[in-house]
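Okay, so the sequence shown: first residue is 1 according to my numbering, each after it adds one.
No lab work stands behind these hints: they were computed from the structure. Built from N, CA and C at the ideal position, the CB exists for glycine as well.
Have a look at the derived ranges for each label pair, beta carbon to beta carbon:
#1 R70 with Y13: 16 to 24 Å
#2 P67 with Y13: 17 to 25 Å
#3 S22 with A61: 24 to 32 Å
#4 P12 with P118: 32 to 40 Å
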Amino acid sequence: MSDHTPIGTPTPYGFAEIDVHSAERTLESFHLVDVREHDEFVGELGHIEGAALIPVGTVPARADEFPDDRPVLMICRSGARSARACEFLARQRGGDYYNLTGGMIAWNEAGLPTSREPAD
1 MSDHTPIGTP TPYGFAEIDV HSAERTLESF HLVDVREHDE FVGELGHIEG AALIPVGTVP
61 ARADEFPDDR PVLMICRSGA RSARACEFLA RQRGGDYYNL TGGMIAWNEA GLPTSREPAD
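Sequences and hints are given; from them, build the entire structure.
Right under this line is the structure:
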């Protein structure tokens, strides 16, 4: 297994949890989706560069926007909203979903890089 293969802990809900260090090492393997609101995305905690902004309340209506060609890393403030989004998508669509354990709080605490640029 290469250093770029995501490794997570499976949950009984159809997705895996991944810690910030494992996620950071394998970021290029993922399609990144941040499920927070816009003001959080550009706010104090920032976001992971390259993440698409799809607020959790819009996930059901936008489920077709999630790719099938690579794993999806779901991100929020603490990991709770992104876990709900992972579970919903795994049940509705199937696929390879990862929840960032601890969310952007843990990412920031680990000193990993962030951006505050607005979403595209």
